[in-house]
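Asker: Here the protein sequences line up with chains A and B, keeping their order.
Its first residue numbered 1, the first sequence is counted upward by one per residue in this note's numbering.
Its first residue numbered 1, the second sequence is counted upward by one per residue in this note's numbering.
In case anyone wonders, no lab produced these hints; they're calculated from the structure.
Worth double-checking, as some hints may not be accurate.
Covered stretches of chain A (in silico footprint by chain B; criterion: 3 or more residues with CB under 8 Å from a CB of chain B, positions within the stretch not fixed) [to be verified]:
hint : segment
1    : 25-33
2    : 60-71
3    : 269-278
Glycine is no exception: its CB is placed at the ideal position from the N, C-alpha and C atoms.
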Amino acid sequence: MVDLSINIAGLILKNPVLLASGTVGYGNEISEFTDISKLGGIVTKSLSLKPRKGNPPPRITETPSGMLNAIGLANVGVEVFIKEKIPFLKKLNTAIICNIAASSIEEYVECTKMLSIEETINAFEINVSCPNVKEGGLEFGNDLFAVGKITDRVKAISTKPIFIKLSPNVSRISDFAKVVKENGGDGVSAINTLVGTAFNIYTRKPKIKNITGGLSGPAIKPVALAKVLEIKRNVDIPIIGIGGIMDWKDAIEMMIVGATAVQIGTVNFINPNAGVEIVNGIEKFCKEKSVNKITGLIGSYQI
Amino acid sequence: MYIEQSVIESNQKINSTTFLIKVKAPAIASVSKPGQFCNIKVSENSFPLLRRPFSICDVTDESLYFLFDIHGEGTKILSLKKVGEELDLLGPLGNGFNYEEEFEYGVIVAGGLGIAPFPFLLRKLSNSKNVNVFIGAGSKEKIINYGVNNYSIATDNGSQGFHGTVVELLQSEIAKYPNGKTKIFGCGPNAMLSKLKELCVHKKYQCEISVECAMACGFGICQGCPVETENGQSYLLVCKDGPVFNVQDINL
Numbered sequence: 001m002v003d004l005s006i007n008i009a010g011l012i013l014k015n016p017v018l019l020a021s022g023t024v025g026y027g028n029e030i031s032e033f034t035d036i037s038k039l040g041g042i043v044t045k046s047l048s049l050k051p052r053k054g055n056p057p058p059r060i061t062e063t064p065s066g067m068l069n070a071i072g073l074a075n076v077g078v079e080v081f082i083k084e085k086i087p088f089l090k091k092l093n094t095a096i097i098c099n100i101a102a103s104s105i106e107e108y109v110e111c112t113k114m115l116s117i118e119e120t121i122n123a124f125e126i127n128v129s130c131p132n133v134k135e136g137g138l139e140f141g142n143d144l145f146a147v148g149k150i151t152d153r154v155k156a157i158s159t160k161p162i163f164i165k166l167s168p169n170v171s172r173i174s175d176f177a178k179v180v181k182e183n184g185g186d187g188v189s190a191i192n193t194l195v196g197t198a199f200n201i202y203t204r205k206p207k208i209k210n211i212t213g214g215l216s217g218p219a220i221k222p223v224a225l226a227k228v229l230e231i232k233r234n235v236d237i238p239i240i241g242i243g244g245i246m247d248w249k250d251a252i253e254m255m256i257v258g259a260t261a262v263q264i265g266t267v268n269f270i271n272p273n274a275g276v277e278i279v280n281g282i283e284k285f286c287k288e289k290s291v292n293k294i295t296g297l298i299g300s301y302q303i
Numbered sequence: 001m002y003i004e005q006s007v008i009e010s011n012q013k014i015n016s017t018t019f020l021i022k023v024k025a026p027a028i029a030s031v032s033k034p035g036q037f038c039n040i041k042v043s044e045n046s047f048p049l050l051r052r053p054f055s056i057c058d059v060t061d062e063s064l065y066f067l068f069d070i071h072g073e074g075t076k077i078l079s080l081k082k083v084g085e086e087l088d089l090l091g092p093l094g095n096g097f098n099y100e101e102e103f104e105y106g107v108i109v110a111g112g113l114g115i116a117p118f119p120f121l122l123r124k125l126s127n128s129k130n131v132n133v134f135i136g137a138g139s140k141e142k143i144i145n146y147g148v149n150n151y152s153i154a155t156d157n158g159s160q161g162f163h164g165t166v167v168e169l170l171q172s173e174i175a176k177y178p179n180g181k182t183k184i185f186g187c188g189p190n191a192m193l194s195k196l197k198e199l200c201v202h203k204k205y206q207c208e209i210s211v212e213c214a215m216a217c218g219f220g221i222c223q224g225c226p227v228e229t230e231n232g233q234s235y236l237l238v239c240k241d242g243p244v245f246n247v248q249d250i251n252l
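One chain only, chain B, in its complex shape (with noise of 0.2 Å):
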């Protein structure tokens, strides 16, 4: 884990709402796996006064790429950072995804700004897995395919690809991947999320997500970020303990 000062060498707008910022940080780029984080103050002074936590969406040589969307104060003042100016982050943080385990098919299911933590999973698995990727959208222009090819698409309101929810999409085919043999990595809201546990577990399937959580520090001294645990008995910390879990281990 580092605290390093990265420049930023490109910052863009990709769809209607979606930004994607790229930075040059090789301390934090040499150790990172897919499905940790980074948290990033935005700003030299105390507004905001927090870092924010985003996913490492991918690496490049020396390089970490962040998606975000505007939400607040935070992310807009990220939006209008330029080329060459510094960023403090902090990370890698967290445990990332488990993919070296024994599995055939991959399927990613990304709903929304989900898609983050993807495009680097993606290229860690191209070479050796059958990957198919699911994305969700609310509608045609906030579709995020960031780093990903072959994929299916859902939107709510049907404007492109299958009418329905990226769970509901995947339950239609998941026929095609056995559940002995097959992985299952997903991020997007908690309702998303929440139906994705209730398919893996009725199905058998192994799962991990990735959640999310307001945090202050990201490295399990605030205690800010507490998710319960399935049995209701305790709370495990969303920055140390995940942010990736099995899907069988909390409650969403």
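The shape of chain A in the complex, shown without the other chains (with noise of 0.2 Å):
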């Protein structure tokens, strides 16, 4: 038997497959294909303090071996979310992380103090990182001091896991590791989307109305395996690995540069049932080169 069980900050997941957030809604639909309570968990879409309608049309494009996407957040709102989502989470029998985003620090406090009374949800993912909203985003993800200071916020009205979802578009991404250890934060997910954006050459017109967009898919796995071995390197933080992950080889690879847990993203919007599909790949992965605990990948890495 292979031991998949992770403890990452006191939150024990049963493997470290989770489903990233933005690529799983609330849950219930991907729930039609697959058996979620198989995974370590899942990570729900951008909460805000109040409801958001998103961006118009087009939100999506593909790109070569990935897709850019400008959703702008939509979503349903902390209220609505604790009344009509929290019920069906509830019976999930996986691992819940909440994914919150806000465009002040005291929305990212207000938010994670309402939710934080809630048993279902067994940690924070607080998003400074979201590319495509003008607040709320990006520009808290590219300043040190503003990533400091809502982890230590968040941190002090929340006695559960929290981790910071970094931005890959900065320079150098420990630095950010470092402030959110250093602010008592419990991990750090990375990375988020990278900008990027495409026009079409007969009409010159972005092919998404938000001009640009997150970067995800296959295309950016390189570079979030630079991103977690960076961070890995130089900050002693656990580190959830995102970026490009398509099935269990990435997931293991992923591991081996640093990452304690992985989640999943854009896959699952081509196959809803890849997280336990990866699950299973892994599982079989550690009994034939016998690992017997799954830990023992962590930052295995041979430089």
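Need the complex rebuilt from these two chains, each delivered in its own frame; the hints are there to steer you.
Answerer: The following block contains the structure:
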């Protein structure tokens, strides 16, 4: 038997595979296609204090081995989430990590406070790196002082593990991980999407209405691996590795460069059962390679 | 909803630009309704990465049919698929047409490839209702009449049938269809649907339309396919709340 369980900052996961925020909604749609209870957990779609309508279409476009999205944090808001989405999440028998996006430090604090009392929520992922809304995203993610302050303030009002989701659109991501650690954060999620764009050469117009969007998919995996490795080699903090993971081999590669757990995102759109297939693939690999505990893979790179 | 590895039974060109592919997919075929769609993975690798949405054109026994034009890399690859090859389908997705309500006359209005969802709808309607079909195309060569009988044609250049748009053609014959007893079903480019909406709202016809949008997942999680509600206050998702909408509910 392979022990796939992970303890990340006190959060126990049955295995290291999580579904990434914005690629699993609030769990209900994807459960039609997959058994969520077999996963380590899910990270819910970014929540803000009030509902957000989101950006006008077109919101997505495909690019070589990837896609650009600018959804604009469309979400139901904290109140509706508590009333209408939590009852379903409660039944899922997997870890629930709640992702929060906000346009001010106060809003991050208020959202976390309101949700902290919900037993169903096991941890928080604070999104300081959404590239697609003017306020409440990248402007925090690019500012070491703001990231530190948000971490400190949110940590102060919740006893649950706090992970900060970092932007790759910075010169040294490890500086941000360091600030998260210094301010009491329990871990970092890395990476959010990369800012990109695409234009139609005949109309000369951008292919998404927001002009720029967040690039995801297999195209960004090498960037994600490099950023996770950079954090691992410079800061002693648990990392949830995200970026371009399509199969179990990618997940293992991400753990080898330093991730304690992984999130899969874009692949859920193509194969909503991918998470479960990745868990099975990791288990098979560990058996074949006589890895008795999955934790043995974390940061096991030979450089 | 299923993820099903279907097997291609035929794949043929039916006019100058359009293909019809038939696949064996017993699970999806057994639960599909007219107006629903499948999201299809045309390759096993990362290019193209995303699935492509196609209306379920028709269902016979355990087989599904899809109509498509070559638009980009995805549909080009699909056009080259051979009999016996597998095709990865996700479906059936979305809400279909409400065709079991009380109405005497069914009117179908299709622009170009917008004919796609109607052969299946016609199969369900043909026994119980009086149905008329209006087909529009740019020119004679582009007319798609797969799966329809007794139809009227409009071409933009007048090379066959009525000279003008399909909505103008419908307008010229609208007196035949009493508005309290008629239901109109439409599918086609947004410009056409917009004109159809004007007509239906002005003359008080019940009308459902199937709309198209680029999307990633097809079942509500990517939020990539918004369509604005009539009052402009919020967005609905084409994949999950549609693709069939009451014409009065959305802004085109």
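Asker: For every hint, state whether the structure bears it out.
Answerer: Status of each hint after checking the structure:
| no. | hint | in the structure |
| --- | --- | --- |
| 1 | 25-33 | holds (count 5) |
| 2 | 60-71 | holds (count 9) |
| 3 | 269-278 | holds (count 5) |
Checked against the numbered hints above, the structure violates none of them.
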